[in-house]
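Trainee: According to this note's numbering, the residues represented by the sequence shown are 1 to 389, in order.
Rather than coming from a laboratory, the hints here were simulated on the basis of the structure.
All figures in this text were calculated on a predicted structure; none of them were measured in a lab.
Note that the Cβ used here is the ideal one computed from N, Cα and C, for glycine as well.
Be a bit skeptical, because a hint or two may be false.
[Unchecked claim] Derived pair list, reagent style PhoX-like, types lysine-lysine, alpha-carbon separation capped at 25 Å:
hint	residue 1	residue 2
1	K126	K63
2	K63	K173
3	K247	K173
[What the hints assert, rightly or not] Just the calculated beta-carbon pair ranges, DEER-fashion:
hint	residue 1	residue 2	range
4	F182	E342	34 to 40 Å
5	D70	M122	18 to 24 Å
6	N120	V202	40 to 46 Å
7	N110	H312	21 to 27 Å
8	D234	E114	32 to 38 Å
9	Q13	N239	40 to 46 Å
10	S318	E195	18 to 24 Å
11	E114	E184	25 to 31 Å
12	H312	S101	36 to 42 Å
13	P258	L23	41 to 47 Å
14	E184	I334	24 to 30 Å
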Amino acid sequence: MVEIDLKQMLSQQEYIRYSRQLLIPEVGLQGQEIIKNSSVLIVGAGGLGSPVSLYLAGAGIGKIGIVDSDLVELSNLQRQVIYETKNIGLPKVKSSKGRLSELNPEIEINIYNESFTSLNAMRIAKDYDVIVDGTDNFPTRYLINDVSFFLKIPFVYGSVFRFEGQVSVFNEKSSPCYRCVFPEPPPSGLVPTCEENGVLGVLPGLIGMLQATETIKILLGIGTTLAGKLLLYDALDMNFDSIKLRKNSSCVLCGPNPSVVDLIDYEQFCGDHSGDRTTSLQFELKEISPSELEMKLREKGNNILIDIREPHELKISSIKNAHLIPIGQLADRISEIKGYDEVILFCRTGSRTKRGAMILKKLGIHNVKELKGGINAWAKEIDSNIVVY
């Protein structure tokens, strides 16, 4: 249980609001007062942050902090259930605060309309009892772990991908930290995100609710948390499994001889360790605009336009005369690509092309460019008959 100084008692309205929790022996009046006097920081107000914040607000967490610098987009609404269509274009944190305040006006909502970085992380997190990971990227996740360790604040981890999700608790008492399990993140751009490969809309809801459950258990000191375990969920098979985690005696953060003694920027920790600059953050890929590509296609020079999306995406949109070679097949089909003066890659928005270019460069093809903005940009600027997705 997190040590909390009980300063606020329940009001008559709160007795009614939380009556169903008060009836649970493991919670009761004292537990609800602990919840009211607790504070939770949620980093990321997206698919995971939405259910986490809604359920923690409903449970009566006295102070909730939300960190996010993004605006609400139409594509968010499929899974980020805290938002409505009317919120599109507004800051996520502002919209979240409005929704949570409507749900529970008894609690305090602090919003941080900024990215969570090494410069502000300690300042933001220092006044909270638990940090919940609602992110979708490695840089922020490693930063959350380090802040959690230095401030001795438990870190409730969650991640989602297509039909699969993971949940764990790190830095709770003597449990492993995130770096114990994942010592080094992959080079930037080499791991596909939900934006690239998608996620079933209901999946973040389930994983987020599990994170909210672990958070409440930590605060109340009840049950057995996922500290020292990694819970795995497969929605397609409706299967839960777990892996036992152990502290790494060589961990660079929580081991006996740590080399990480302060917050580290992602570029410093996650850069290329092999000396191969093709996998480093400094790898630069030349861009070609949709209008430039249109002219080039008319000229019919010795170039090849490669669609590195997945086959099912071709049913949504396509560019005439483009060759479909999914990114996972580039290495096996390299013979189809060699011999051209210029190789132009595109995907949906451009988020996958850097990774594709890295693969080709390692195989000796250096004359690679990317279609800036991907096929969505082509649809907006060149061919309005193509759908944007």
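Trainee: Against each hint, give a clear statement of whether it holds in the structure.
Mentor: Each hint, compared with the structure:
1. Between K126 and K63 the CA atoms are separated by roughly 13 Å; this keeps the pair inside 25 Å, and the hint holds.
2. The straight-line distance between the Cα atoms of K63 and K173 is roughly 22 Å, inside the 25 Å bound, and the hint therefore holds.
3. A hinted pair counts as satisfied when its Cα atoms are at most 25 Å apart, and K247 with K173 qualifies at roughly 12 Å.
4. Between F182 and E342 the beta carbons are some 38 Å apart, a value that agrees with the proposed interval 34 to 40 Å.
5. At roughly 22 Å, the beta carbons of D70 and M122 sit within the given window of 18 to 24 Å.
6. For the pair N120 and V202, the supplied restraint of 40 to 46 Å is violated, since their beta-carbon distance comes to about 33 Å.
7. At about 42 Å, the beta-carbon gap between N110 and H312 misses the expected band of 21 to 27 Å.
8. Restraint check, D234 to E114: a C-beta distance of roughly 35 Å satisfies the suggested window 32 to 38 Å.
9. For the pair Q13 and N239, the supplied restraint of 40 to 46 Å holds, since their beta-carbon distance comes to about 42 Å.
10. For S318 paired with E195, a C-beta distance near 20 Å keeps the hint of 18 to 24 Å intact.
11. At about 27 Å, the beta-carbon gap between E114 and E184 stays in the expected band of 25 to 31 Å.
12. Judged by the Cβ atoms, the range 36 to 42 Å given for H312 and S101 holds: they are separated by roughly 41 Å.
13. Distance hint check for P258 and L23: the Cβ-Cβ separation is about 45 Å, which falls inside the suggested range of 41 to 47 Å.
14. Range check, E184 to I334: Cβ separation about 28 Å, and the 24 to 30 Å hint holds.
The structure fails hints 6 and 7 (numbered hints given earlier, in ascending order).
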